[in-house]
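J.: Below, each chain spelled out in residue letters.
Number of protein chains: 2
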Amino acid sequence: MEQERPDPAGPEAPRPGLSRRGLLGLLGAGAAGAGLGVAGGALAGAIGGTPGDGGGSARSFPFHGPHQAGITTPVQDHLHFAAFDLTRSATADDLRELLADWSYAAARLVQGLEVTPEGAVGGPPLLPPDDTGEAQGLPASGLTLTFGLGPTLFRGEDGADRLGLAHRQPALLEPLPLFAFDLIEKGISGGDLCIQACADDPQVAVHAIRNLSRIAFGRARIRWAQLGFGRTSTTTRAQATPRNLFGFKDGTANILAEDAAALEEFVWVGEESDQAWMRGGSYLVTRKIRMTIENWDRVRLQEQDEIIGRDKGEGAPLSGGGEFAPVDLALRSTTGGYVIPEDSHVRLAHPGTTGTRILRRGYNYVDGSTGIGQLDAGLFFISYQRSPAQFAAIQGSLAGDAMNEYIRHISSAVFAVPPGAPEGGSLAEGLFG
Amino acid sequence: MEQERPDPAGPEAPRPGLSRRGLLGLLGAGAAGAGLGVAGGALAGAIGGTPGDGGGSARSFPFHGPHQAGITTPVQDHLHFAAFDLTRSATADDLRELLADWSYAAARLVQGLEVTPEGAVGGPPLLPPDDTGEAQGLPASGLTLTFGLGPTLFRGEDGADRLGLAHRQPALLEPLPLFAFDLIEKGISGGDLCIQACADDPQVAVHAIRNLSRIAFGRARIRWAQLGFGRTSTTTRAQATPRNLFGFKDGTANILAEDAAALEEFVWVGEESDQAWMRGGSYLVTRKIRMTIENWDRVRLQEQDEIIGRDKGEGAPLSGGGEFAPVDLALRSTTGGYVIPEDSHVRLAHPGTTGTRILRRGYNYVDGSTGIGQLDAGLFFISYQRSPAQFAAIQGSLAGDAMNEYIRHISSAVFAVPPGAPEGGSLAEGLFG
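Protein chains in written order, with the working numbering: chain A, 2 to 434; chain B, 2 to 434.
Worth double-checking, as some hints may not be accurate.
[Said to hold, decoys possible] Facing chain A, a subset of chain B residues (Cβ under 10 Å, in silico):
hint: 1; residue: L179
hint: 2; residue: P203
hint: 3; residue: A378
Hints listed in this document are in silico derivations from the structure and should not be mistaken for laboratory results. Here a beta-carbon is modelled for each residue, glycine too, at the ideal position from N, C-alpha and C.
Generate the whole structure from the sequences, applying the supplied hints.
T.: Have a look at this one:
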C-alpha cells in the first residue's frame, strides 16, 4: 500500500486511466506500432458545452457507489444494449484490465465527459482521436452504464475453464433453460459480457457503447446489440407508467426505488451468495420479445383487456379500482368465472401466483419491417433479480399466458451484475486474486 | 359544388372521415364481415392527456397548408420512415381513397389525437379498437407526417400503366441512376408510396406509421422501414448543428426555413412542372448510407478534418473562420495546394462545385451489430429538392469524395411529394379526374 509508484514519465508510459491496451484500442490495430508517448494538446475533454435540443438533459448519475447505476435509477427513455464476447486468446488479466478500462471510461462518460481528457479533438493531429466525437455539445443526458458478466465468461460452451476463473462462477449463473414457446436465435443471445446504456438522448447512449467497444479492441467485441425507446417500466413513483406496443400500460406493479425492503428481498444479492464479489450485485435477464402486432391489432378490445387482465385505457385491474388498485385474483363474476381470467397475463405474472417479484426495465423496439409487410417490433425485456430463478418462476408460469399467441421470445441472455465500483476502484475487482 | 350530399345515415354508412376500406383496415381481414354500423361509445379520442416524460412536447404543426409539413419544419429528433407498395389489385380509386384516409388520419395524429374519434378504448368492446393505443397519454410531440409517391406507382417495373395514371407521372419522377460505389439493396429501396414521420418522441412517430399502415390494409403494405435519431441537419437558425456518427457537425450549410428565396429556387416545385398537381410540392430522395465507423475511428484526426474539409471540433471550414464562415475553395496554403482539399467532402458537395443546393433532413441510425462485431450504423440521408437532378448533380460530384472509403450507399429511393392538402381536402387530389 505504501509502495512507491513507478515513475509515469517516459516514452512508453500510459496516460492516467486507460491501460496501454485500452489506448491501443483507441488507435486501432493498424496503429499499434505508433508512438504512444506523443503528448497531445490536452484540451479540456468535457462533452457538455452548448446543449443540443435532442431531448438530452443536464442530469447525471454517479458511476461509483454500492450498487451499479441503471438498475433503480429512474428509467431513461432510450436504450443501447450490447453483449460482447471475449477474444479466444484473452486471459484473466486481460479481463481485469478491460473492466478497469471500462470503469475509468464509464465514470467519465456518465459525467458528460469524453472517454479520455484528450477526447475527440484535444489529442495529437497525427493520431486517431481518443473519442469518436458525436456527443460533443451534448449534456450528460442522465446516462447510466451497467456492466454484466455472462456464464460463458467462466466456462466455455465446451465446459472449459477458459480464464482460470471457473471457481469464481456463482452457482446461480447458468444459461437460462428453454421455456415454452421459446424460438431463441443464438446469434442475438448470450454473451460473455454486457453493457446496458440508458440515457435521455439516444445519441449519448450510442456514443457510450461505441467508445466502450473501441476500448475493448483486441480483447472483446460486440456479439449483438439492441436499441430501444419508450421505456416500458418505471422505477420511481414520480414517473407515469409508460405503454408497450400492445398499447397497454406496462410496469404498473414494478419494484420501485422507494421500496428498500423489496429491493433487499428481490433485487440485491446478499450474504447468501457463494461468491463474495457478487454481494450488492444483481442478476440481469434480457429477452427480445417480438410482437405480432398486426395480429394483436385485430383482437377485439374486450378480449385484449381479458388477455392482459387490465383495461387498455387506465391500466386498471379488471377486478376494479384504479391503475394502482391491488389485483383481486379471487374475485368471481356473477356467472361464476374469475374476473381476472385464469390465462390472463396479470394473473400468471402476479406474485400471488408466482411467489416472487422482479424489477423490470424493458424498452420498446422497432427494427424496420419484416419481409411480409409487417413491422419488426416488440419489447426488449430487461429484468433485475436476486436470482435468475425468480425470472424462471415467472416465465414458467407464463407458459399458460393467452398473450403467447401474439409474442415470440427470440433472444435470451443472463448476466451476473457485480456491485458498484468504489470511488477510485474498478468493477468486479473481487473476482480476481 | 352545390350538389346535395348523400344521406350519411344507414347501416352501411361510414363514420365521418375514414372510408369503409379504411375502417376495414382497422378491423383486419378476419373481421371484414362484422357489422360496421355498430356505434361505439364515442368517447373523446384525444391522446394528449397526462404527458409522459418521454422527451415528447406539446408543440404541434398543422397538417394542412400550401406545403406539406416535415420539410422546412424545425427538424425533430426522431424519425420513422416507411415505404409502401400498393397491392397488385389496387386501382386509381383505391389510391385516391387511401390518400384521403391517410389525410384524415394524419390531420388528427399531428394534433395529438387518436386515429379516429373512437380511438383505442372508445369503440365497441366487441370490435378491434380503431387506434392501437401506445400513444395514449403522450402529447403531440411535434409530429409531422409527409407523404410521397414513387415512380413505380405510375409505371410498374414492366413499364405498364398499372393504375391508368401514367399520364400524370411528372417527367422528373424517374428512379435514380446508379452512382459510383453504390451497393444498393433492392428490398430496402424504392416503393410506390412513402411516409416520413418525424417527432420529438419516437413512440409518437412509431404510433403514427403503425396506425397509417393499418388503415392501408388490403390496399398497400410496408415495403421497408427505418428508424432514426439525432437529426443530422437543421432547418432553422435557432437550432444548433447536430453531429453525425463520424463525429462531425452535419448540415451547417443547409437551406433554412428563413431563406424564402432559396426555398423557391431549390426546394418547391413551381410553374415549370409538367404536372399541375405537383406545384408547391417537392422531390424527396432517401439514401441509407452505412458507415464503416470502426475504420473511420482509426483515421488520424488531421486526416479526418481533411476528408471532411472542416475541423472536427467547431465544424469550421479549414479555410478559416467559425462554423458559419463561407468556405473558401480557392485558398491555397504556403505549399501551393488547396487548403480545402480537392477530394474533401465539403468541396465536392459545395454549391460552388455542383452549381446547386438541396434541403437535407437526415438522421443517424443504428441497426444493432454486424456479424463481425461492428455496429451496423450510419446515416439515413433525406433530402428535398425541386428536381431529383439536383441530388444527382451533387451525388455525381461526390464520386471523387475521399469519404467514400468509409461509407456504402445501401438503399435509394425517390418520391414526388405533393403540395399540402387544403383545409378539408386530401393530398394529391389533383392527381385524379
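J.: Hint by hint, say whether it matches the structure.
T.: Status of the hints after comparison with the structure:
A cut of 10 Å between beta carbons decides the hint on L179 of chain B: the least distance to chain A is about 23 Å, and the hint is violated. Proximity of P203 of chain B to chain A holds as hinted, the smallest CB-CB distance being about 4 Å (cut-off 10 Å). Restraint check, A378 of chain B versus chain A: the minimum CB separation of about 8 Å is within 10 Å; hint holds.
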